[in-house]
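Q: Here are the chains, one letter per residue:
Number of protein chains: 2
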Amino acid sequence: MYCKCGKEGFYFRRHSGEILCKKCFIRSIERTVFKTIKREKLFEPNDRIMVALSGGKDSLVLLHILNKIERKYGCELFAVTIDEGVSGYREEGINISKKITQSLGIEHHILTFKEHYGYTLEEICNIASSKGIKLLGCTFCGILRRRLINKAAIIFKATTVATGHNLDDEAQTILINLIRGDVSKMIRLGVKPIKQREGFIPRVKPLRYIPEKEIAVYAYLMGFPLYEKECPYVRASLRDEIRNILNDIENRHPGTKFSIVSAADKLSTLLKDHIGEVKYCIKCGNPSGKDICRTCEILSMIGINY
Amino acid sequence: MYCKCGKEGFYFRRHSGEILCKKCFIRSIERTVFKTIKREKLFEPNDRIMVALSGGKDSLVLLHILNKIERKYGCELFAVTIDEGVSGYREEGINISKKITQSLGIEHHILTFKEHYGYTLEEICNIASSKGIKLLGCTFCGILRRRLINKAAIIFKATTVATGHNLDDEAQTILINLIRGDVSKMIRLGVKPIKQREGFIPRVKPLRYIPEKEIAVYAYLMGFPLYEKECPYVRASLRDEIRNILNDIENRHPGTKFSIVSAADKLSTLLKDHIGEVKYCIKCGNPSGKDICRTCEILSMIGINY
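Going line by line, the protein sequences match chains D and Y.
Heads up, the first sequence is in my numbering, so the first residue is 538 and it goes up one at a time.
Heads up, the second sequence is in my numbering, so the first residue is 538 and it goes up one at a time.
Just so you know, the hints here were simulated from the structure itself, not pulled from any lab data.
Please note that a few of the clues may not be correct.
A pair holds if it fits inside one copy or across any two, identical chains being indistinguishable in the list.
With a cut-off of at most 30 angstroms between alpha-carbon atoms, the simulated DSBU-like pairs for lysine-lysine come out as follows [stated by the list, open to error]:
| no. | residue 1 | residue 2 |
| --- | --- | --- |
| 1 | Lys560 | Lys636 |
| 2 | Lys575 | Lys560 |
| 3 | Lys651 | Lys541 |
Looking at chain D on its own, in the form it has when it is part of the complex (with noise of 0.2 angstroms):
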């Protein structure tokens, strides 16, 4: 089996039926990214760009392709890492994220949930518990670094957030929102960035058709170092059971999460006038389907005021 350019095949697209080198994939990925942010308009010349890295492969993989891509554009490119405070778990995360910025000559910043909402994620745990609030860790976690994201973003002057949300996690989200019957966040999800309001930097992500296992194909082939634990809070959650379902459905029939993510991306830009219409947070600005945003009620139901 061997790559259109006559090399000895490494990788089979089964989706596309290709079969590629190993250089041939690395560039059908670095183009695919290449192409979405031409396509989708992500950044302008001058933009500064964040790159949300936690030290997993999804973020590593995100902050080397802008790296390569963006810097050429006259793109300004950093980094921020959110450390939740996760004892044993977070280190190592840390550790690799200062290493990859380090060698690319990359800017880079690490907030802590402890100094900024007071609390480690642990802490926030225990105190919900005692409130009797029954929402898992990763609830809190996902707020939680999501607003710490954009207070980094607004510290170090980012004009825009790149996230490393990948292809499975867009399907996955799409089809947790259509279960729920959350029809505007099922349309809200694609890859054009928000408009820019006062107190919110517009987030983009620039892997959202790259599938996970290419991702860490990708990653393997570059050597970046495999974050090798599980965080300790991951629990049985509706988005595990949908990664197992949509990855056995893929296994069946490949190309369903492509199908799925551009399905959504119709609806996208057949409602486009009717997404123009969110409502967004009055306490945070963060666009929300109520005049205070679920982070906002979250954040006061613990008794964090941020």
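Fit chain Y to the known structure of chain D by using the hints.
A: Chain Y alone, transformed into the frame defined by chain D:
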């Protein structure tokens, strides 16, 4: 556990938390159908409604409830059963259909594939396989049955066709279309009748908001005969996979099927202007994404000009 009317509980409706006695359960099913008809304006006072009656539980329940509701409003009601010609399977459904229509005093017609297409389903599957057409028997059956139902509606002068599609069918179809990336089919599914067009009789689904399980319970309470045999053509299809997946998710997250159908409803409402732009097949007048619909395409593939 008691019903709110004070009688002993018989059915626990997980997604709403209600406990219902037999009488209240029956009433709640009939009321949901009535509300659906009213809200979606499915029928008008002088409609001549044709019920597509297979003899399975869904169509029996549909006929029974429409007979209770619609006759009051001056609608005419009649039933049509399609005989695909699957020996050893279809006879039972035909017998059940004859009995129920006789007992209710409802006009009943039986149309056969053999008479109208020149071939039974079995013969058509053989023709297809001899031509190397790799399609499931269920695909031919669905397409040819739908087409013959439309023809029956024209022959017997129906103004509307009512089919027994339930909540599970609808949620499955929405998910299948999402997985296939077929947005226009996903949002064209609403209960509202498609505008009447030359050669095409609008179809409505009064059971669209009733879960399959509740239809089975209603049929059991009414003492309807159970259609025991499974069609020999039923094979592992995408719909089967999706049915199992949805039942699993519904078990863990009661209300999922409702949420999915309601999400699609919201999308249909938001996109109703776009739905207006749906094309119609130039051969048969059915709604179609292309000039010639998939049905006409497949019919001409197997050499049936209909």
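Q: Which numbered hints turn out to be false for this structure?
A: Structure breaks hint 3 only.
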